[in-house]
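Trainee: The lines below spell out each chain.
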Amino acid sequence: MNTIALRPPDVVMRLDRMGASHPTRLSFLRAMMRQAEREAWKVAPAAWELDNDGFGHAVIRVDMPMRTYSLVAFSTPLADAMRTDRVIAEAWDTSYVLYDGVPDAAEIARLAANVPLQEAGRFSERDLILSRANKSVRLFAHVVERLAEGRQPDAVQIENVGYLMRTTAVYGNGKFGIADRDRISQRPEFAGPFRAEMLTVWLIRSFTIALAEHMARRRAPGRAAMLDPELRRQLGVGNSTGLGMAPFLVRHPFLLHRWMLARETALARVRSLAAADRGSIDGFLAALAAMQDNIRRWKTEDTAQGAALLRLAADCDQISGKAGSILAGEAQPWEALYRFAEQNLSLEGQEAMVALMLEPHGALVDELADTMACDEAAVYRIDGAMSCGALRGLIETHYGWALAYDFGSAEADARFWYVSEEKLEPRLGERHSEPGAEREQPLAVARDICRLAAVLEAEPSESPVANLLLGQPQWRHVVRRVQLAAGNPYTEIRGNLIDATMRPIDLLRSKLAFFGASRFDPRSDRWLRISLFAGAPFPEDIVARKPARAIS
Amino acid sequence: MIELSLNEVEMLAAKAARGAGFNWGPCDDIGKCARALAAGGLPWAPSLLALARDSPSLAAPTLSFPAEAGSAISAPTDGSCLCPIRTGALIADRPGLLMGHPLRIDRVAHPLWLVGFAALWDVRVHVSWRGACADVAGGAIAAKAGDAGWLAPDADVTISGGPDDVREPDRRRRASIDPTVFEALGAMAARTYVPASASSRATGAGGSRTDDE
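As they're listed, the protein sequences go chains A and B.
Count the first sequence with full-length UniProt numbering and you get residues 1 to 552, in order.
Count the second sequence with full-length UniProt numbering and you get residues 1 to 213, in order.
These are calculated hints, taken from the structure and not from any lab test.
Misleading hints may appear alongside valid ones.
Listed next, the in silico SDA-like pairs over lysine to any residue satisfying Cα-Cα at most 25 Å (straight line) [what the hints assert, rightly or not]: (1) K175(A) / D178(B); (2) K32(B) / G244(A); (3) K32(B) / C374(A).
Chain A is faced by these chain B residues, among others (derived, beta-carbon under 10 Å) [said to hold, decoys possible]: (4) E3; (5) L6; (6) N23; (7) C27; (8) D93; (9) R94; (10) P95; (11) R173; (12) R174; (13) V194; (14) S197; (15) T203.
Glycine included, each C-beta is placed from N, C-alpha and C at the ideal position.
When you get a sec, could you build the whole thing from the sequences and use the hints?
Mentor: Encoded structure:
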């Protein structure tokens with residue numbers, strides 16, 4: 001039986017395909033929830049000091065086999081005019097820290113003085129993750145009101161919004177003085193990428209619902225209703241994400257490679273299977289039904305995403321019509337199904353198919369989630385003994401896509417990435433009409449590769465790279481990328497990140513899909529809203545071993 | 001004193017170096033060196049300020065290739081000092097230079113940065129100059145003697161093989177920085193930021209709005 005090869009980077013790493021990514025069972029929030037189930041994490045409130053209006057603080061404690069962590073949540077009054085979705089706001093409805101241990105009164109006081117300030121606060125290495133969330137005004141008020149009346153909220157409104165609050169940032173890795181990633185990366189519970197961040201958002205989800213129920217109870221003691229479990233499960237945590245996330249994928253090429261490699265390896269394993277058993281076919285069809293349900297709940301006003309959703313819905317109908325007969329085939333039926341998707345479906349549909357095919361094959365692929373972290377220091381060194389000729393050869397082999405651009409054209413060189421002085425956030429500027437291009441961030445990989453290739457033309461083939469870098473250190477970061485790409489095919493996004501037509505949300509969606517986000521709702525070409533954990537189990541469901549519904 | 005996480009050290013050092021005019025790749029190196037120095041309890045921040053001030057007058061090392069064990073890195077003939085970042089990067093790129101007998105490098109400016117680089121070299125070495133010496137193993141730095149010498153503006157540096165039987169030194173998880181130095185490095189880092197314009201406010205992040213939903 002043929003072993004199916006991994007999809008090549010020329011297919012996988014194109015911006016349009018990355019911008020059609022779907023979450024899979026390898027996504028970080030799924031991996032985190034599997035770990036919670038495996039290790040039977042116990043989640044319970046340790047403090048609940050909230051007044052009638054829901055203001056105050058709460059501590060939600062998570063007991064794991066080796067350690068205990070706490071989500072410390074603060075809820076504070078916020079004028080409607082201050083409630084901006086953007087990372088640049090200065091006040092929020094709620095703010096959070098994932099704390100290493102269980103905080104005592106002195107630590108709560110320290111956190112109360114800093115956490116609501118977010119970026120303007122200072123934090124300690126006991127503080128692992130920092131976040132904040134604003135209420136979805138229309139839904140939060142409605143839910144509290146209805147529950148206080150002893151009724152359930154309107155299911156349509158729950159479906160249309162999908163969350164009670166949305167986060168506008170989730171910070172890790174040493175930001176504003178919180179713990180460095182090094183401090184927790186060796187702990188088994190946080191060994192995977194962004195696992196502590198995902199735990200934080202998972203707990204925030206529980207807190208937002210508990211807060212609404214608390215306010216309803218205080219408003220109508222003895223009469224208020226609890227939220228219906230089915231409605232409850234539909235609620236996730238919203239998130240608004242902008243350009244701040246985009247440079248990460250470019251600045252961490254080895255990590256990007258590991259994420260992609262894990263997903264592509266999983267796909268290749270499933271495609272290589274000799275047969276499709278009844279259980280996996282049923283699992284696939286259940287995942288397909290869940291995805292169709294999710295598409296129905298997936299709201300967007302974005303024209304392009306709206307059109308893509310319509311195509312995706314049609315693609316799912318096609319899959320639904322064909323999957324049974326294709327999977328009944330005798331030779332490598334999953335490969336046949338993938339080929340069908342490749343030949344007949346939109347990019348959205350093809351990438352949805354990847355997620356669907358992985359879904360019933362947990363036993364075959366789940367361990368790959370543990371391969372998605374990496375030691376970037378291990379690949380940092382430049383091989384200075386490599387000859388300039390060999391380096392040129394690597395560029396020709398791995399960067400043909402970059403060499404194809406003509407950076408003499410205004411369109412290819414239209415933009416520049418920078419950090420805004422006003423907001424200290426990444427931004428995208430128009431090179432030919434805005435000031436600041438001399439302060440460009442090093443994200444124009446394709447252009448820099450072209451320039452390095454031109455420099456190498458003038459170097460003697462046998463001359464060592466170290467010699468070139470000694471005289472021209474401006475190529476140091478580019479040489480590092482090229483050498484890394486040699487053995488790691490998925491390090492580079494194969495698109496021009498400064499092109500006039502580049503859509504930054506393609507980068508954002510790819511990263512967010514790896515997180516496990518769903519219901520992508522672009523609000524411009526530079527920021528979007530998503531939902532995390534919508535339809536997913538709650539910590540108490542997992543401990544009770546209720547079957548998890550597929551998150552698609 | 002202000003307490004920083006090591007990631008803050010790395011990011012601040014890299015940005016400040018960029019603001020001071022270093023190229024991006026060397027800025028990455030400087031960030032990682034600063035982090036290693038901070039974890040070793042060494043004064044990366046005042047040394048970075050001094051390095052930024054002096055860097056325009058510092059020279060690149062010269063070396064005859066192929067670089068084999070025992071090759072010397074020559075000091076500039078015009079009497080200027082070697083840039084520790086370019087010297088450290090050269091050794092990082094050509095680890096063969098560290099094989100065999102000790103490597104002596106004359107007139108290195110702000111030699112502390114060679115200790116930072118030694119933490120990136122993935123070898124066990126002993127770095128010393130008049131008034132300072134450190135063992136570096138497994139990316140961690142154990143300062144053996146110094147204080148006065150760490151901030152030497154220049155020195156003749158010797159790098160030799162470190163003892164095999166020394167366990168990896170402990171690393172600090174936090175760094176302390178003088179508020180004045182922190183502010184000065186912040187001002188350097190701010191040179192990498194682009195001031196807002198009417199057009200960048202309108203389009204740079206895709207539009208702004210109050211969340212009324």
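Trainee: Compare the structure with each hint and give your call.
Mentor: Verification of the hints:
A hinted pair counts as satisfied when its Cα atoms are at most 25 Å apart, and K175(A) with D178(B) qualifies at roughly 19 Å. Under the criterion of a C-alpha separation no larger than 25 Å, the hint pairing K32(B) with G244(A) is consistent with the structure, at around 22 Å. For the proposed pair K32(B) and C374(A), the alpha carbon gap of about 17 Å is at most 25 Å, so the pair holds. Evaluation of the E3(B) hint against chain A yields a held restraint, the C-beta minimum of about 6 Å falling below 10 Å.
Annotation: L6(B) was flagged as interfacial toward chain A, and the flag holds, the nearest CB pair being 5 Å apart, inside 10 Å. This hint holds: N23(B) has a C-beta 4 Å from the nearest C-beta of chain A, less than the 10 Å allowed. Interface restraint check: C27(B) against chain A, minimum CB-CB distance 8 Å, threshold 10 Å, status holds. With a cut of 10 Å, the hint placing D93(B) at the interface with chain A holds, because the nearest CB-to-CB distance is about 3 Å.
This hint holds: R94(B) has a C-beta 5 Å from the nearest C-beta of chain A, less than the 10 Å allowed. For P95(B), the interface hint holds, since its Cβ comes within 10 Å of a Cβ in chain A; the closest pair sits about 8 Å apart. Checking R173(B) against chain A by beta carbon gives a least distance of about 6 Å; that is within 10 Å, so the hint holds. Hint on R174(B) holds. Least Cβ distance to chain A is approximately 6 Å, under the 10 Å limit.
Evaluation of the V194(B) hint against chain A yields a held restraint, the C-beta minimum of about 3 Å falling below 10 Å. The interface hint given for S197(B) is met, as the beta carbon of that residue sits about 6 Å from the closest beta carbon of chain A, less than 10 Å. At about 8 Å, the closest approach between the beta carbon of T203(B) and any beta carbon in chain A falls short of 10 Å, and the interface hint on this residue holds.
Checked against the numbered hints listed earlier, the structure breaks none of them; every hint is satisfied.
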